[in-house]
Amino acid sequence: QKEVEQDPGPLSVPEGAIVSLNCTYSNSAFQYFMWYRQYSRKGPELLMYTYSSGNKEDGRFTAQVDKSSKYISLFIRDSQPSDSATYLCAMNNNAGNMLTFGGGTRLMVKP
Amino acid sequence: GAGVSQSPSNKVTEKGKDVELRCDPISGHTALYWYRQSLGQGLEFLIYFQGNSAPDKSGLPSDRFSAERTGGSVSTLTIQRTQQEDSAVYLCASSSPFGAGSSYEQYFGPGTRLTVT
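The listed protein sequences derive, respectively, from chains B and P. Here the first sequence stands for residues 1 to 111, numbered as in the numbering used here. Here the second sequence stands for residues 1 to 117, numbered as in the numbering used here.
It is possible that some hints are incorrect.
[Stated by the list, open to error] With a straight-line cut-off of 30 Å between C-alpha atoms, the simulated DSS-like cross-links for lysine-lysine are:
hint	chain 1	residue 1	chain 2	residue 2
1	B	Lys42	P	Lys17
2	B	Lys56	B	Lys42
3	P	Lys15	B	Lys42
4	B	Lys2	B	Lys56
5	B	Lys56	B	Lys67
6	B	Lys42	P	Lys57
7	B	Lys42	B	Lys2
8	P	Lys57	B	Lys70
9	B	Lys42	P	Lys11
10	P	Lys57	B	Lys2
Calculated directly from the structure, the hints in this document are not laboratory data.
One chain only, chain P, in its complex shape (with noise of 0.2 Å):
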């Protein structure tokens, strides 16, 4: 089946403007990871949804940092007031509900790489 999907794949930006990130998570997963990855680094948490909970926000790093999840299913990471900071590759994982620990499979998709310039 397909895997997880995120657009734009490349996205370049000037500093002050809004970006808006979208991610389609593998049908049937009811979680939902945002990370970033800046150069030569690790991935860093940024939020995660399940099901209709309330999401964890424990890892945005400003307030300009927003991330939504629709219907849940599709999820849009938006950026305001960019900063050169903020250049990253963002990536969506999505997780299955079922069985203890599942959070351990996530599934990737291949990231959206954010420049600021």
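One chain only, chain B, in its complex shape (with noise of 0.2 Å):
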């Protein structure tokens, strides 16, 4: 079993629906929670992160972390054909070096 899974998609909603993309992991040592966007053929980009639990929000997106169950969500709102691509979740613990990435979740908005 991976660390961090991940539902592949692919995630197909019309525009200006809510999205919701989910991870769960089972390391209860990760401190550090990321989301990150992958257009085709490009580099990830971080879209946000959080420490520890809570929410954080950002413009059209929100994420949220509940470490007590070990899952992390993305929620978009409104969403555009421009936030067709692969997210990722990633996360680390304190002092680790490198992220554990989720496989990702291909999502199309369809105008």
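Using the hints, build the complex out of the two chains.
Okay, here's the thing in structure tokens:
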């Protein structure tokens, strides 16, 4: 079993929909939680990060972390076709050098 | 400013040949990471450099893989005697040394797409 699990999708939604992307993990030592967006044939770009549990909002994006359930989420409000990409969750512990990534969820937002 | 750059963008090589992949990190970033992304998969950590410290090589899949970082800046990932299973996108990232937990803000290059025939 992988340390970080993520549904690969694809997830197809109409423009304007609310999108929910999720990851589960098994390592309770993880403290930092990140969401990356990756367009086709591009490198991942950091969208949001959260330390420990709680919510964080940035524009149309909201990240949630529930450490008790080892479950993190990314919500996208008013989704746009330009949001179509693969979304990768990533996490590490306080002393960790490398990030542990989920496999990514491919999102398609249709006009 | 300039982001992380990688070269070549694409590399096709024959099985058994050696390849070198290059990464130029963001100026001032002391931490540099190499990851591998296979088709439809997440990123797999390979190696991490931080300043003058000994690199963390714990993710290298075999002794055919090696990496160096000269002058604390440019890094080269070398794969010897390439195999078809080495075909993947190799991504480089760098991060700033400032602040606790800075390793979470990793900035990625566009990657090198390696195909071993």
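Checked hints:
1. B:Lys42 with P:Lys17: 26 Å, holds
2. B:Lys56 with B:Lys42: Measuring from Cα to Cα gives roughly 26 Å; hence the hint holds.
3. P:Lys15 with B:Lys42: Within the cut-off at roughly 26 Å; holds.
4. B:Lys2 with B:Lys56: Holds - the C-alpha atoms of B:Lys56 and B:Lys2 are around 26 Å apart, at most 30 Å.
5. B:Lys56 with B:Lys67: Holds, at roughly 14 Å.
6. B:Lys42 with P:Lys57: 25 Å, holds
7. B:Lys42 with B:Lys2: Between B:Lys42 and B:Lys2 the Cα gap is close to 24 Å, so the pair holds against 30 Å.
8. P:Lys57 with B:Lys70: 28 Å, holds
9. B:Lys42 with P:Lys11: Cα-Cα ~16 Å, so holds.
10. P:Lys57 with B:Lys2: 20 Å, holds
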